[in-house]
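2 protein chains.
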Amino acid sequence: MRADIITIGDEILIGQIVDTNAAFLGKALNKIGVEVCQIRSISDNKTAIIEAFTEAQNNVDLVVMTGGLGPTKDDITKHTLCEYFNDTLKFYPEVMAHIEELFQKYVKAPVNDLNRLQAMLPSKCTQLFNPHGTAMGMWMQKENTVFVSLPGVPFEMKYLVLEQLIPRIKETFPLPALAHKTMMTYGLGESIIAEKIADWEQSLPQHIKLAYLPNLGRVRLRLSAKGTDEIKLLNEIDTFFDALYPLIGDHITGFESEESIELQIGNALKTKHWTLATAESCTGGALAALFTKNAGASAYFKGSVVSYATDLKQSILGVSAETIAKHTVVSEPVALAMARGVLLITGAHVAVATTGNFGPTIGDADAEIGTVCIAIITPEQEFSETFCFGKHRERNLQKTLNKALEMLLKTLD
Amino acid sequence: MRADIITIGDEILIGQIVDTNAAFLGKALNKIGVEVCQIRSISDNKTAIIEAFTEAQNNVDLVVMTGGLGPTKDDITKHTLCEYFNDTLKFYPEVMAHIEELFQKYVKAPVNDLNRLQAMLPSKCTQLFNPHGTAMGMWMQKENTVFVSLPGVPFEMKYLVLEQLIPRIKETFPLPALAHKTMMTYGLGESIIAEKIADWEQSLPQHIKLAYLPNLGRVRLRLSAKGTDEIKLLNEIDTFFDALYPLIGDHITGFESEESIELQIGNALKTKHWTLATAESCTGGALAALFTKNAGASAYFKGSVVSYATDLKQSILGVSAETIAKHTVVSEPVALAMARGVLLITGAHVAVATTGNFGPTIGDADAEIGTVCIAIITPEQEFSETFCFGKHRERNLQKTLNKALEMLLKTLD
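Residue numbers (our numbering), protein chains in the order written: chain A, 1 to 413; chain B, 1001 to 1413.
There could be a bad hint or two in this list.
Stated by the list, open to error - Derived DEER-like restraints, expressed as beta-carbon distance ranges: (1) A:Gly249 x B:Trp1274: 48 to 58 Å; (2) A:Thr228 x B:Leu1263: 45 to 55 Å; (3) B:Leu1263 x A:Glu230: 46 to 56 Å; (4) A:Asp87 x B:Thr1054: 29 to 39 Å; (5) B:Asp1087 x A:Gln141: 42 to 52 Å; (6) B:Glu1094 x A:His273: 58 to 68 Å; (7) A:Lys410 x B:Lys1326: 41 to 51 Å; (8) B:Glu1083 x A:Asn215: 24 to 34 Å; (9) A:Ala243 x B:Cys1388: 54 to 64 Å; (10) B:Thr1047 x A:Pro176: 12 to 22 Å; (11) A:His207 x B:Lys1046: 12 to 22 Å; (12) A:Asp250 x B:Pro1174: 48 to 58 Å; (13) A:Lys410 x B:Asn1059: 46 to 56 Å.
Everything labelled a hint here was simulated from the structure, so no lab data went into it.
Backbone N, C-alpha and C define an ideal beta-carbon position, used for all residues, glycine too.
Let's have the full structure, built from the sequences with the hints guiding it.
Right, here's the structure in full:
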């Protein structure tokens, strides 16, 4: 069972938007055992779309496309589907009724001719009903290949994939089992790991594939297996991963979870009935934002003080002028004092504090660019650590967030 | 001058990562007048890569690929290039010296055989030197098509594109001029705009193309023009945009800037010698994070209080229990009191405060899900507004951030 993903829109090709739809679709299809062979992003252009259809027809069983279903002139996917399928557009009264309802409820403007066009779909299509928007999904078959067209608005697309497309694929196609698991390592480079595990890698059977995914000091090792029984595949993967402990055990930090590390921390906090606060200088609120973006965070997250200006570390968090003068603002004593301060004013049980210099210039601190101090206080322990992350601001933020979350999860475990 | 972008890596196809490299490349190529015809993401698989090369060879002048240049077994781009170009790998001593230097400086481990392989490049390639990593870029030509291979690590790829690839393309190819400009509108749906501007759209000449980009209550209108003189094209675009004011003038909020709205706000603050603080409930630190991710933010950003728990609105920001009891926690009086509170404790000149209920459950507030109050105080005015954004948490966060930034920029203008 092989699939291509086609995302349609000039805004992707000129880099005006990052194509997150393709990644979502890739993940969702992969999860049910569909092998995604290719992702293509192409122009809002009939020739380009027909070419992509023709190539996919020869190579894959399923084509999932997004985009080009809006009401305006540059949206040509439906017309192109009609041309490819030798079909014509037909008026669907139930779609029209739905569009009218949406307009009455949200747009508060009368439906116009362009909206009416959205109720026109190819006569041969099976409609995938989109309750959240005016563009319906479509499912069409030509010879052995199914073509599915979905709206490009991520929210509407996601709903249609989860509620309509995936169940229908499962009904229609016999699917193999796929299994993936990703081991996380810290502190060894990709090439050094590869050297240490060369014999192990050699011993992997044909149906299990290894990938190295290096990123900012961490290397993730992903095993992907294909077969008929997911549980059996996962067991096989686990057995192979177990064999890595004698080889690189000191550097294995765990497995990538379906759950984000913030959610894992949240669960650990809830289990202990502890609440969390952050005191952030260099991370500037990004740590708090990671927690609060999750629904239910108020069960364990109390709040944050972003003391970006040095004087706020004193006036709000109560870090003493002496501590700053003696150790400089980027120092473990200041990080610990910030953590203590935020515990005091928020009443939280656990605090994480960050202070550092991300560059590009030295600023208030004397610390070298890339120096970051992280402090953690829980009812059971307090500690701090200093890191030298390098010269690049954007990476320094990401590395600090990764490190702080990693330290916190480890402490709560 | 036409180009294809090829990103190589199974992690893209299974949705483990979002392909941001393609968007960066698309933007960079487009900017210098290269038309990107297609973005393809393919597997780490020799057959798939050769197929993509062959197709591109027939269609485009330039192929830029990323990924598959690491030191491990799953990295096969170099070998595939050799096969496609009927070439062999050659040892480059200067690359080896650079790899050894990087290892000495950062890895603190001896160079191994796999790293030594990274100093092997196709003998026919022109090397694009990568000072930040061990994988070099490569430039190779076959008949009329140039193939460029870049490492997949975004940071290294970006450097090579800006410092090496773009200048070399400009030297090698005659380039047409391209111009894009994007007008932002608020408050009208895509189809209503399309109806109002139908005659105008009809009047656009062949070389100027219109695209509608709807997103969360805003519709952006992009005009793209192709010709020989960028200035002339931009003037043409401006003339066409001017003609839109009589048609939809009330809904035009400006033009998309190369500069993010946070940076525009930062510049406006610096001009007025004002500093900013945020008091965040529902945005949970995300607003502060948007400002502090930019280098130089300390010139105008003082800090933030994320009072996620209701009691912190009182204890840290000094919102009175009466105000909360009388108006509920999601209310304009509370937002204004939060803004006042954060001004007081940070000494900033300008404050933005957010309080709302993003859902999925009602929580502490009585407010309907999707209700958000935003307050702004400057030395010259204070005001607040209430919005009903809808039922979807993720979208509510994005809409609130957009709205708060928009309100703030407008106030400072």
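**Request:** Confirm or reject the claim that B:Thr1047 and A:Pro176 have a C-beta distance inside 12 to 22 Å.
**Result:** 20 Å, holds
**Asked** Does the Cβ distance between A:Gly249 and B:Trp1274 fall inside 48 to 58 Å?
**Response** 55 Å, holds
**Asked** Is 46 to 56 Å right for how far apart the beta carbons of B:Leu1263 and A:Glu230 are?
**Response** Holds: the Cβ-Cβ distance is about 48 Å, inside 46 to 56 Å.
**Request:** Could you say whether the range 29 to 39 Å given as a hint is met by the Cβ separation of A:Asp87 and B:Thr1054?
**Result:** 32 Å, holds
**Asked** Taking the CB of A:His207 and the CB of B:Lys1046, does the distance hold inside 12 to 22 Å?
**Response** At roughly 19 Å between Cβ atoms, B:Lys1046 and A:His207 fall inside 12 to 22 Å, so the hint holds.
**Prompt:** Regarding A:Thr228 and B:Leu1263, is the given constraint of 45 to 55 Å on their beta-carbon distance met?
**Reply:** Holds: the Cβ-Cβ distance is about 54 Å, inside 45 to 55 Å.
**Request:** Mind checking the hinted window 41 to 51 Å against the Cβ distance between A:Lys410 and B:Lys1326?
**Result:** 45 Å, holds
**Request:** Given the range 58 to 68 Å, decide if the beta-carbon distance of B:Glu1094 to A:His273 lies inside it.
**Result:** At roughly 60 Å between Cβ atoms, A:His273 and B:Glu1094 fall inside 58 to 68 Å, so the hint holds.
**Item:** Distance restraint hint 42 to 52 Å, applied to the beta-carbon atoms of B:Asp1087 and A:Gln141
**Value:** 44 Å, holds
**Prompt:** Do the beta carbons of A:Asp250 and B:Pro1174 sit within 48 to 58 Å of each other?
**Reply:** For B:Pro1174 against A:Asp250, whose Cβ atoms are near 56 Å apart, the range 48 to 58 Å holds.
**Prompt:** Okay, A:Ala243 versus B:Cys1388 on CB: inside 54 to 64 Å?
**Reply:** 56 Å, holds
**Asked** Okay, B:Glu1083 versus A:Asn215 on CB: inside 24 to 34 Å?
**Response** 29 Å, holds
Checked against the numbered hints given earlier, this structure breaks none of them.
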